[in-house]
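So the protein sequences, as listed, match chains A and B. Residue numbering for the first sequence follows this note's numbering, beginning at 386 and increasing consecutively. Residue numbering for the second sequence follows this note's numbering, beginning at 65 and increasing consecutively.
It is worth saying that the hints were derived from the structure and are not from the lab. Please read all numbers here as calculations on a predicted model, not as lab measurements. Some clues are possibly wrong.
Some chain B residues well away from chain A (every beta-carbon gap over 12 Å; in silico) [as the list claims (entries may be wrong)]:
| hint | residue |
| --- | --- |
| 1 | Val94 |
| 2 | Asn133 |
| 3 | Ile213 |
Computed Cβ-Cβ distance ranges for the label pairs, DEER-style [claimed, not checked]:
| hint | chain 1 | residue 1 | chain 2 | residue 2 | range |
| --- | --- | --- | --- | --- | --- |
| 4 | B | Arg193 | A | Arg393 | 29 to 35 Å |
| 5 | A | Arg581 | B | Ile146 | 55 to 61 Å |
| 6 | A | Ser408 | B | Ala115 | 15 to 21 Å |
| 7 | B | Asn141 | A | Gly580 | 37 to 43 Å |
| 8 | B | Leu127 | A | Ser403 | 34 to 40 Å |
| 9 | B | Trp211 | A | Pro420 | 24 to 30 Å |
Note that beta-carbon positions come from the ideal geometry of N, C-alpha and C, so glycine has one too.
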Amino acid sequence: MLTLTLERGEIFGVVGQSGAGKSTLIRTINSLEQPDSGSVHVAGRDMTSLAGAELRQARHDIGMIFQHFNLLSSRTVRANVELSLEITGAGRSERRRRALEILELVGLQGKAAAYPAQLSGGQKQRVGIARALASNPTVLLSYEATSALDPETTRQILDLIRQLSKDLGLTVLLITHEMDVVKRICDSAAVMSEGRILEQGPVEKLLTTEKSLLGQALFPLGEIPETSGSVVEITFTGIPTDRPVIAQLARQHGLDVGILGAAVETIHGRQTGRTRLELPGDEGTVAAAVADLRSQGLFVEAIK
Amino acid sequence: MIDRNDPYFWADVLDTILKGAGETFYTVGVSLLLTIVFGLAVGVLLVTTEAGGLLAKPFGSRLLGIALNRVLDVLVNMGRSIPFIILMILLIPFTRLLVGSFIGPTAAIVPLTIAGVPFFARLVEIGIREVPTGLVEAAQSLGATRWTILTKVLVAEAVPALALGLSTTVVGLIGYSAMVGAVGGGGLGDVAFRYGYQRYSPEYMFGVVILLVLLVQLFQSLGNFAARRLSHR
Ligand SMILES: Nc1ncnc2c1ncn2[C@@H]1O[C@H](COP(=O)(O)OP(=O)(O)O)[C@@H](O)[C@H]1O
Ligand SMILES: [Mg+2]
Numbered sequence: 386m387l388t389l390t391l392e393r394g395e396i397f398g399v400v401g402q403s404g405a406g407k408s409t410l411i412r413t414i415n416s417l418e419q420p421d422s423g424s425v426h427v428a429g430r431d432m433t434s435l436a437g438a439e440l441r442q443a444r445h446d447i448g449m450i451f452q453h454f455n456l457l458s459s460r461t462v463r464a465n466v467e468l469s470l471e472i473t474g475a476g477r478s479e480r481r482r483r484a485l486e487i488l489e490l491v492g493l494q495g496k497a498a499a500y501p502a503q504l505s506g507g508q509k510q511r512v513g514i515a516r517a518l519a520s521n522p523t524v525l526l527s528y529e530a531t532s533a534l535d536p537e538t539t540r541q542i543l544d545l546i547r548q549l550s551k552d553l554g555l556t557v558l559l560i561t562h563e564m565d566v567v568k569r570i571c572d573s574a575a576v577m578s579e580g581r582i583l584e585q586g587p588v589e590k591l592l593t594t595e596k597s598l599l600g601q602a603l604f605p606l607g608e609i610p611e612t613s614g615s616v617v618e619i620t621f622t623g624i625p626t627d628r629p630v631i632a633q634l635a636r637q638h639g640l641d642v643g644i645l646g647a648a649v650e651t652i653h654g655r656q657t658g659r660t661r662l663e664l665p666g667d668e669g670t671v672a673a674a675v676a677d678l679r680s681q682g683l684f685v686e687a688i689k
Numbered sequence: 065m066i067d068r069n070d071p072y073f074w075a076d077v078l079d080t081i082l083k084g085a086g087e088t089f090y091t092v093g094v095s096l097l098l099t100i101v102f103g104l105a106v107g108v109l110l111v112t113t114e115a116g117g118l119l120a121k122p123f124g125s126r127l128l129g130i131a132l133n134r135v136l137d138v139l140v141n142m143g144r145s146i147p148f149i150i151l152m153i154l155l156i157p158f159t160r161l162l163v164g165s166f167i168g169p170t171a172a173i174v175p176l177t178i179a180g181v182p183f184f185a186r187l188v189e190i191g192i193r194e195v196p197t198g199l200v201e202a203a204q205s206l207g208a209t210r211w212t213i214l215t216k217v218l219v220a221e222a223v224p225a226l227a228l229g230l231s232t233t234v235v236g237l238i239g240y241s242a243m244v245g246a247v248g249g250g251g252l253g254d255v256a257f258r259y260g261y262q263r264y265s266p267e268y269m270f271g272v273v274i275l276l277v278l279l280v281q282l283f284q285s286l287g288n289f290a291a292r293r294l295s296h297r
């Protein structure tokens, strides 16, 4: 049982460990799988109530890309893209025109006559994207689409998806077990476990939410060590080079601040970091220090 | 009787063998066409009527899917397990009913087709099974009909395997046709039996054998070549 709502035009990532139910979730969106109960609405259509021609029609509006690309080995790149248009019933010359147009959009001009076996993984996924988008869908489902790609290619494909989402006004739902995907392109995210959504919301908001699982996953600081003092975590966006936060903290509050861990990640193109600090001192001093940090607009979470 | 001093002896050998070859081509050709049509259908149905398959629920009924799958599986196994020589004899009444006689090249088409269909169907089944299920899912996500998925994904992707299966089937049918020929089905088997065996003529016998070997070589090579050319994996 879960509820998930996507804004038009946003990129929404669902993360979770293996077995969490991510595949099941994404497959119900285009009715590759039927939920036992509940409903799925895409662009005003109740997918769960559709069958036959109506369902196929609705699927023209929902593109899907896959981990293993799922291209037809017997068809050239262009013919793979044209399959999508054969299915929607476009005429021969229109198919050709549109296929070449969309191949250019995904950066594969010149590869139209190649067979999938002759392409690299990244190129194959570009064909997958072109095929998914050829029929002008409003929604793109990304089913572990970068899980079989190396990190550099993953970044290129993610950037392409982001670009296409912006240019075409596409709403993207992606499932992944890679945190890097969320960092790089997701506007919003949900964390799943055992068939349930544990938390969801805009990524930046989750990062400044107490006890956020996504926050913890994005900034892996490890176990909290045994300490005598209090432990707090500070999250900041943009590296405050002009504000020596910790030095100031130590000086103004007379605290021997210990740094227990720190992680800096590029999230949505912005440097975002989280630092775990040990603050030795009595309760009052620590509370004053935390209040001071908060007054500087930093997100501070008291851990212990 | 054989008269090797007859000035027309070699011309006769050639004539007879060519006439036999013509009949063999006719019998094998027609049975092959029927085998392709029915074998393809049966092979595709064997795979797709399984649980979770594309035709798991034909006309919305899973029961029908299960029934179809079981019946075809049993029929195919029967066809494959009965030795051809017995199948041939078993089918005599049926053949007679169908074509009016069980002698001659046309009558030979019946047992050949009935042996060929299950043979080819199994090879089709193997070929279709090799098509990754992800491809079917991708086509479904594009909103394809079952017919489109069947033709443009399952069969289209299996074409190289089907070409190989087809050449193996042709070779099998040529072998069977010789057997039918020996019991009145005409063709090369008939020539080898009547001239080579009953009249002790090695000229006829070896003529037929050489031709058969050449034909088998030819079709196997054609199949291999086609499979290689058609595969882009
Ligand atoms: N919302 C749900 N309710 C009940 N069972 C679910 C739900 N989501 C997933 N499952 C079950 O959990 C198992 C794992 O789901 P899956 O989607 O494959 O997870 P993942 O892709 O995250 O590894 C499947 O057997 C699926 O049927
Ligand atoms: Mg999965």
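- Are there hints from earlier that the structure breaks, and if so, what are their numbers? 3, 4
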